[in-house]
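Engineer: Sequence:
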Amino acid sequence: MAKFRSLLLVTLLASLSTVIAESWKVQDINIIISAPGGNKKAEHKLEYPYAVQDLTANPTDVLKFSFKIDNKEKPHQAMVVFQSQDEFQDEIMVAASVKSSGKGRFDLNFNKADAKFKYGTRKYAMTFLVGGPKIDEPYKYTLGNIEVKGPSSNPASRPARLLYQAQPEIHHQFRADQKLINTAISGLFTFLVLTPFAVLFILWSKLGVKFEPLQAMAAKPFDLINAVVFFGSIAGMEFVFYNYWTHVTLFPVLQALGGLTVVAFISGRYVLSAVQTRRLQRTAGSAKKEL
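Just so we're aligned: the sequence shown equals residues -21 to -1, 1 to 270 in mature numbering (1 follows the signal peptide of the UniProt record, and there is no 0).
Treat the hints with caution; some may be incorrect.
For lysine to aspartate or glutamate, the following DMTMM-like pairs were computed, each having C-alpha atoms within a straight-line distance of at most 20 Å [stated by the list, open to error]:
#1 K24 <-> D40
#2 K95 <-> D40
#3 K128 <-> D93
#4 K4 <-> D115
#5 K102 <-> D33
#6 K102 <-> D65
#7 K43 <-> E26
#8 K119 <-> D7
#9 K97 <-> E70
#10 K97 <-> E66
#11 K82 <-> E22
#12 K97 <-> D40
#13 K128 <-> E66
#14 K47 <-> D7
#15 K128 <-> D69
#16 K4 <-> E26
#17 K119 <-> E52
#18 K95 <-> D115
#19 K97 <-> D69
#20 K19 <-> D65
#21 K43 <-> D93
#22 K119 <-> D69
#23 K19 <-> E52
#24 K78 <-> D7
#25 K51 <-> D86
#26 K19 <-> D33
#27 K95 <-> D65
#28 K20 <-> E126
#29 K97 <-> E126
#30 K43 <-> D7
#31 K128 <-> E22
#32 K53 <-> E126
#33 K82 <-> D49
#34 K20 <-> D86
#35 K102 <-> E52
#36 K97 <-> D65
#37 K95 <-> E66
#38 K47 <-> D86
#39 K128 <-> D156
These are calculated hints, taken from the structure and not from any lab test. From a predicted model like this one, the values you see are computed outputs, not experimental measurements.
Model the full assembly from the supplied sequences, consistent with the hints where possible.
Structural biologist: In structure tokens form, the structure reads like this:
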């Protein structure tokens, strides 16, 4: 039992020492207000939890802030947050650079700092924050208050507050339909396109058109059916192309052409085979007559 109590006591002491070791150790905190020429107007050396009061600065002054961290673990971020003590509660964060030795500092020139310092004379609460990835509890120290006077000329204007409310309705304006070409011009080009077909039919009428193949196919119903199916599939392809040019999209066209192509291929083979058979029979008959 005594050994168990001793072990428990050692464990508690070890846990306590670990907690103490994992807290931030910050010292030598110093605030200096200096004029543009470098003359010190005020200097305060702070120790937690002491807070400085009634600190003032002109718009051309420089606030110099320095500190030292004694931990082996270096902070990931160290900053001073200035929060305005008015209805707006503006927050301005000024980050400090920390060297490997643990010394950190920043120089804040109010003339070149955030525009929020130029919204007129305001009082700010200063809070010093230190944090890192390996120490859970951040270091927080309320340094005190400082009154920063606004610029005597050309003060910065505060942007208007964003009002989250219903906005005016947006009316979309779509592009107007494309104007069609004049009917007379389109009719002229239609006539020019059809002219070669008219010339073709005229030449056929002068040369004479023979319907012997159709008559031969009529004698064989199977060949006639193949011929009708073949020419019908060709006409169907032309009809599909017409619909594609007018209103049908690409994928339905590809589906229709896929089916018509198979039909045209199969029926076309039978038609060409029948034509070739009749041609060979006619050639053999002519040879017998010559003999």
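Engineer: Hint by hint, say whether it matches the structure.
Structural biologist: Against the structure, the hints:
no.: 1; hint: K24 <-> D40; result: holds, 19 Å
no.: 2; hint: K95 <-> D40; result: holds, 16 Å
no.: 3; hint: K128 <-> D93; result: holds, 14 Å
no.: 4; hint: K4 <-> D115; result: holds, 14 Å
no.: 5; hint: K102 <-> D33; result: holds, 9 Å
no.: 6; hint: K102 <-> D65; result: holds, 8 Å
no.: 7; hint: K43 <-> E26; result: holds, 17 Å
no.: 8; hint: K119 <-> D7; result: holds, 15 Å
no.: 9; hint: K97 <-> E70; result: holds, 13 Å
no.: 10; hint: K97 <-> E66; result: holds, 16 Å
no.: 11; hint: K82 <-> E22; result: holds, 18 Å
no.: 12; hint: K97 <-> D40; result: holds, 13 Å
no.: 13; hint: K128 <-> E66; result: holds, 17 Å
no.: 14; hint: K47 <-> D7; result: holds, 6 Å
no.: 15; hint: K128 <-> D69; result: holds, 15 Å
no.: 16; hint: K4 <-> E26; result: holds, 11 Å
no.: 17; hint: K119 <-> E52; result: holds, 17 Å
no.: 18; hint: K95 <-> D115; result: violated, 32 Å
no.: 19; hint: K97 <-> D69; result: holds, 12 Å
no.: 20; hint: K19 <-> D65; result: violated, 28 Å
no.: 21; hint: K43 <-> D93; result: holds, 16 Å
no.: 22; hint: K119 <-> D69; result: holds, 19 Å
no.: 23; hint: K19 <-> E52; result: violated, 33 Å
no.: 24; hint: K78 <-> D7; result: holds, 15 Å
no.: 25; hint: K51 <-> D86; result: violated, 25 Å
no.: 26; hint: K19 <-> D33; result: holds, 16 Å
no.: 27; hint: K95 <-> D65; result: holds, 12 Å
no.: 28; hint: K20 <-> E126; result: holds, 14 Å
no.: 29; hint: K97 <-> E126; result: holds, 12 Å
no.: 30; hint: K43 <-> D7; result: holds, 13 Å
no.: 31; hint: K128 <-> E22; result: holds, 18 Å
no.: 32; hint: K53 <-> E126; result: violated, 32 Å
no.: 33; hint: K82 <-> D49; result: holds, 9 Å
no.: 34; hint: K20 <-> D86; result: holds, 15 Å
no.: 35; hint: K102 <-> E52; result: violated, 34 Å
no.: 36; hint: K97 <-> D65; result: holds, 14 Å
no.: 37; hint: K95 <-> E66; result: holds, 14 Å
no.: 38; hint: K47 <-> D86; result: holds, 15 Å
no.: 39; hint: K128 <-> D156; result: violated, 62 Å
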